[in-house]
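Using the hints, position chains B and C against chain A.
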Amino acid sequence: MSEVAIGGTTPAAPRQDKVETPLRRFVSEFCESRIALGGLVVITIIALIAIFASWIAPQNPYDLAQLDIMDGRMEPGTVGGAGFTYWLGTDDQGRDMMSGIMYGLRISLTVGAGSALIACLVGASLGLMAAYIGGRTDTVIMRLVDLQLSFPSILVALMILAFLGKGVMNVVVALVIVEWAYYARTVRGTALVERRREYIEAAQCLALPTYRILFRHLLPNCLPPLIVVATMQVARAIALEATLSFLGLGVPITEPSLGLLIANGYEYMLSGKYWISFYPGIALLITIVSINLVGDQLRDVLNPRLKK
Amino acid sequence: MTVYLVRRLIQALFVVLAMSLIVFVGVYAIGDPVEILISPDADQIERERAIVALGLDLPLWQQYLVFLTNAVQGDLGRSFVFNEPALRLILQRMPATLELAFGATFLALVIGLPLGLYAGLRPNASASKTIMAGSILGFSLPTFWVGLMMIMVFAVQLGWLPSTGRGTTCSVLGFIGLQPCSSGVQWSFLTIDGLSHMVMPAVNLALFKISLVIRLTRAGVRETMLMDYVKFARAKGLSPARVTFVHVFKNIMIPVVTVVGLELGSTIAFSVVTESVFAWPGMGKLIIDSINVLDRPVIVAYLMIIVMMFITINLVVDLTYSLLDPRVRLENKGT
Amino acid sequence: MKPNIRRRMLAASTIAAAGFVLAAGQASAQTATIAVGAPVTSLDPHYHQLSPNNAVSDTIFDRLVNVDDRSRETPGLATEWRAAEPTVWEFKLRPNVRFQNGNAFTAEDVAFTIARLPNVPNSPSSYAAYARPITRIEIVDPLTIRFHTAEPYPLLPLDMTNVRIIDKEVSENATTEDFNSLRAAIGTGPYRAVAHRNGDRIEFERFDGYWGERAPFQRVNYRMITNDAARTAALLAGDVDLIDQVPTSDLTNLRRNNSVHLSETLGLRLVFLGLDHLRQANENSPLITDNDGKPLGRNPLQDVRVRRALSMAIDRRAIVERVMEGAAVPANQFLPEGVFGYVADLPAPTYDPNGAKQLLAEAGYPNGFRIQLNGPNDRYINDSRIIQAVGQMWTRIGVRTAVEAQPWTTFVGRAGRQDFSAFLIGWGSNPDGSHPLRNILATVNRDRGWGASNRGRYSNPQVDALLLQSLSELDNAKREREVVDGMRIAMTDVGVIPLHIQTNIWAVRRGFEHTARRDELTRAQDLRPAAR
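Chains as they are written, first to last, in full-length UniProt numbering: chain A, 1 to 308; chain B, 1 to 335; chain C, 1 to 532.
Just chain A, with the same shape it has in the complex (with noise of 0.2 Å):
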C-alpha cells in the first residue's frame, strides 16, 4: 500500500543514465525553456537583493531608533524626516517599505527555503525509511504521520512559542513540525514501488549498507516527486508563515518578514493606504512564481519518464 506522491506516481523503467556529462544535459535542458530561465534570473536577484539588504536599503528598518512613528503611513514618493525619499511610502511605524521589503525577504526566504529545506531532509529520510526497512518501523512513521496531518499548525506554533519563545529560528521548527509529513508521506508513497525493483535487489545482493542503498539508490529514483512537492512546499511554508503572522503567532514584529508586512497592511487596505500591503503582496508573488517556474521546470528535466 501507498500514498500517492505528488507529480508522478506510475513506475517506469529504471534510469538510463548516460555516460556523456549529465550536468551539462541538465544545463542545456532546463534552458529549453525560456520561462524557467528568465523564472531562475529573477530568483537570483531577489536572492541577492535578500543577501545584501544591509548595504542597499536606504534604511535599517530593524533598529527601532532610525523609525519614527511621525512618518508613519506616508504614500510612495514623500520625503520622510531622515531626509530620504520613501519610494514605495512607509507603513505604520515609520518604516521605509522599500527596506521593509527587501529586509523581509530575507526573513521570508529563510523561513521559507529553511523549513522546507530541513522538512524535507527529515521526511524524506523517515519516509525511505519507512518504505525500505517496513514492519513497525513503518507502522510508527506513519501514525505520526497521520497524528501531524491532524495537528493544527496554528497549535504547533503556540506550543513553539510557549515552549521557546518567539523568534524567527523558532518559526521555521514550528513549520518543519508542521511540513515533514507531506515529504515522508510522497517519498514513502514512491518509495514503496522503487524498493521491489531489480537495481535495489541488486544492490541488496552486493550486500552493501542499508545508508548506502537507502541514499544513494534509492533517494535518488524518488526525487522527482520530491521536487515538485518541495518547490509547492517553500511557496506554502512563505503563505503559512504570513498566515500565523496574521494570527499574531509569527515572527517577532520588529523583524518584520514579507508575510508581516502584508498582515500589517491589511487593516489598511480599506481605507485606501495600499501601499503598505500591496508592495509586499507583489514582492511575495513574484518570489514564489519563480521558485515555481525553476520548480517545474527542474521537474519536467528531472523526470526520466518524460524523456523521450
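Source of the hints: derived by calculation from the structure; they are not laboratory data. Computed from a prediction, not measured in an experiment: that's the story for all the values here. One thing to keep in mind: the hints can contain errors.
Now the stretches of chain B that chain C is said to cover, found in silico as 3 or more residues with beta-carbon under 8 Å [claimed, not checked]:
1) 75–86
2) 160–167
3) 205–213
4) 275–285
5) 291–301
Distance condition first, Cα-Cα at most 20 Å in a straight line; then the derived EDC-like pairs of lysine to aspartate or glutamate [to be verified]:
6) Lys168(C) with Asp141(C)
7) Lys166(A) with Asp419(C)
8) Lys357(C) with Asp141(C)
9) Lys478(C) with Asp345(C)
10) Lys166(A) with Glu108(C)
11) Lys168(C) with Glu108(C)
12) Lys129(B) with Glu32(A)
13) Lys129(B) with Glu198(A)
Even glycine gets a Cβ: it sits at the ideal position worked out from N, Cα and C.
This is chains B and C only, laid out in the frame that chain A set:
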C-alpha cells in the same frame, strides 16, 4: 484482511490516545485557561473558585485520568466557555464546514480537471503555459488577503454577493416540504440566499485546490501519454477523445482523487482563516476561537475527531490503492 | 405564555402592522442588523462575566441599578435605594413590571437572582463576588428588599449594576444550557431572544410589554463577526447597520463615507504600561540588562526617577494621533474627567525627552540600559503598534528597547507570573475610582481580594490605607476624597505609566442613530431609526 484492519484499528486507538496526551500537555504549557476566561476584576477567591469549577485544581495527570475515564463512557467533557458538551458544539458546527469543504472541492474538480487535462495534452500551447503560470497564483497569495479582496470587490464595490455570514438555511426534509425548514440539520446550499453566501468562501478555499488539481492532472497526463498502452491505443486508431477520456483519464484519476481526498480532509479540519474572514460559523472558527481561549475540552475533542478522520481517509486511500495497483501489497507490510 | 398576554401581543402586533402600513417605504426600520466583534458565549446572565455577554443580557434582562451611556447610576428595576442603616441597603422596586412570559416582577425574583449568583455550575468567571458582601436578604414587601452586610459597604449599588434579574418561576433549577436554548432566557428587558446560534448570531424580537421606552425595531439580528476588516466590509456592503470596535485604520475612510457615520464617546479603558516592582532595588529585573547585555545587578524601576523618565520620554500625543488615529486621549490617570474618583489636580502628561535623559543621569544611568517591552498583539486596540512606538521613544533617550508582542493566550500567563520588566496592558474600569485602585494598584492581598490584576506588584502602604478607609465610607463625598487622594499618590509615584484612554467607536449606516456608551457595551436598544 481482517487481521490487517484490526491491527490498523488498534494503531488508530494509540494515535488518538497520543493526540489527547499531546494536547493536554501542550495546552497546559501554553497557558492557564482561567487567566484568559476570567473577568479582569475577579479577585483571588473568584479565581480559585473558577479553577475548581473547571477541574483545573487537580494535578495534570489526574485531570488526564478524569478525562480518559469519561471519554471511555463517551463523554469528551464540557466546553469551558460555552458550558455545553464539546462533542455537541462540534457537531453543531459540522454541517456548515462540510458543505463549504465539499463545495470547494467540487469547484476544484470542475475547474481544475479540464484545465489540467488541456495543459497536459498540449504542453507547449501558450494557453497551457498561461494556465500553468496562473495556477501558481492559486497558492502564492495568502488566503486572508485574497478573501478580503473578494469581499471588497464583489460585496462592497459591485454589491453582487453578501459580504459575510451563512445566510438562510434549510433542512433536507424541509426542502422537500416534509417539515418546516428550520427543524433538522441546517444546510445553506438548499436556499438561494444561502448559496449566494457560500460562493465567496467556497471559491476562496478552492483556489489552492484548483492549482493542485491542475498540476496533478497535467503531470499525470503528460506521463501517461508516453506510456506504451496509450501509444498502442493510438496506434490501434482509437479516436483521440476515446484515448483521452478512457485510457488516460482513468489512469490519472487515482492520484488526483487520493490527493484531493486528503486535501478535503484538511479543509474540513482547518479552514480557519477563510471561516474567520467570512464569519462562517463552522468548525474551523470554533477551533481557532477555542485555541485562543484555551478551551481545552473542545480542542481535545476536536482534534480527536480530526485525527480519526485522517486515519480513516488514509486507510481508505491505502485500501483503494492496493486494490487498484497490485504492485503494492498489504499483507507484506506491517501497516 | 399566558392567554391574556398572547392576546395583548397580538393586539400590539396589529398596531405595529398598522404603523407599518403608514410608514410605507420604511420597511427597513422594522429590522436592524448589528455586527459585534467579540463573540457572546452564553445567554445565561450569570455564567460568564464578559462584556459581550453583559451587553446581550442588558437587552433581554434588567438590573436593579442601571448605568446610562455616561456611566452614571440611574434607576432600573429599582426606583430608589438608600443605606437604611450602616449595614443595610434598601431597594424600592419598580411596580407593574412584567417578565417576557407575563409573570410579574417582585422582590422574590431579586432574592432568587442573588442566591443563584454563586451557584452557577462550571462558570469560568462567575458573578458570585457581587453576592459575597450580602449576609442576609430580607423581603420587606413584594416591592421592597433589604440587603444586610457584615460591614458598611458603599459599593453595593455599584455591584448591583452588574447583576441582571431573572424570573424565579422559569429559572428555578434552570441550567446554563436552558438559557442558551432560550427556555429560561426570559427577562424584563426591551427585546426578547427568539433564536440563538452559539458564537454566530442571536435574533431579538421587540417585547411589547416592556416597562420603559418601547423598543424601536420589531426585529434585531445580532451577528458576531470577529474579523475586523470583514466587519467593516459588511457595514460598507450594507449587510449590517451597526458595527462596534471599528478598527482605527478604517476611521479616515469611514469619516469620508456619506452613507456611514461614527458614533463615539470617550471610554473607561486605560491603556498603560506595567512595571516590575517585585524585584527589589538590589535584584535583577528579568528583562533588563546593561548596554552590553550583562545583568545590571539592580532593578532601575525601583527608582521613581527612572519611572518618571520613562513616562516623560513617551510622546502620548504622537501615539494618539499617529497610532490611534485620534481614537484616544492622552491620560495621566485611570478615569476620564467627570467620573467618580477623577483626580483634577494631576499635571497633564508631559513629553520631555531631555528632561527624561537628565533624570536618568541623576538616577545613575547616564547611558541608559536595555529593556524588553512586552505586550499582547490581539487584545487592545493597536496594542502591538503602541509598544513599537514606545520602543522608539525609549530608545531615543538611551533606554534601548526590544519589543516583543505575543497573543494574549501566552502573554497573560507570563505577565501574571511577573516574567516581564515592562509590559503593556489595559484596564476597563467601573465608573468608580476605587475599582482600578483596588485591582491594579493595591498591594496584593488574597483575604481582602486586592491587587488581583496587580501584575507589576506595585505596593504603597499610603495607597492601601486610603483605599481601606474608602471601602467602608458611606458618605460619598468623603469616600471620593479618599479615592482621589489614593489615586494621586499612586500616579505621582508612577506605579504604572498611563498612556491613553480609548475612545469607543461604533459605525452606523445612514438612516440609523446610535447612542455611544462609555462602558463599551453594544446593546440592541441603543440603536434607533434616524429622526427625519
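Structure versus earlier hints - violations, ascending order:
Numbers 3, 8, 10 and 13 - these are the hints that the structure violates, sorted from lowest upward.
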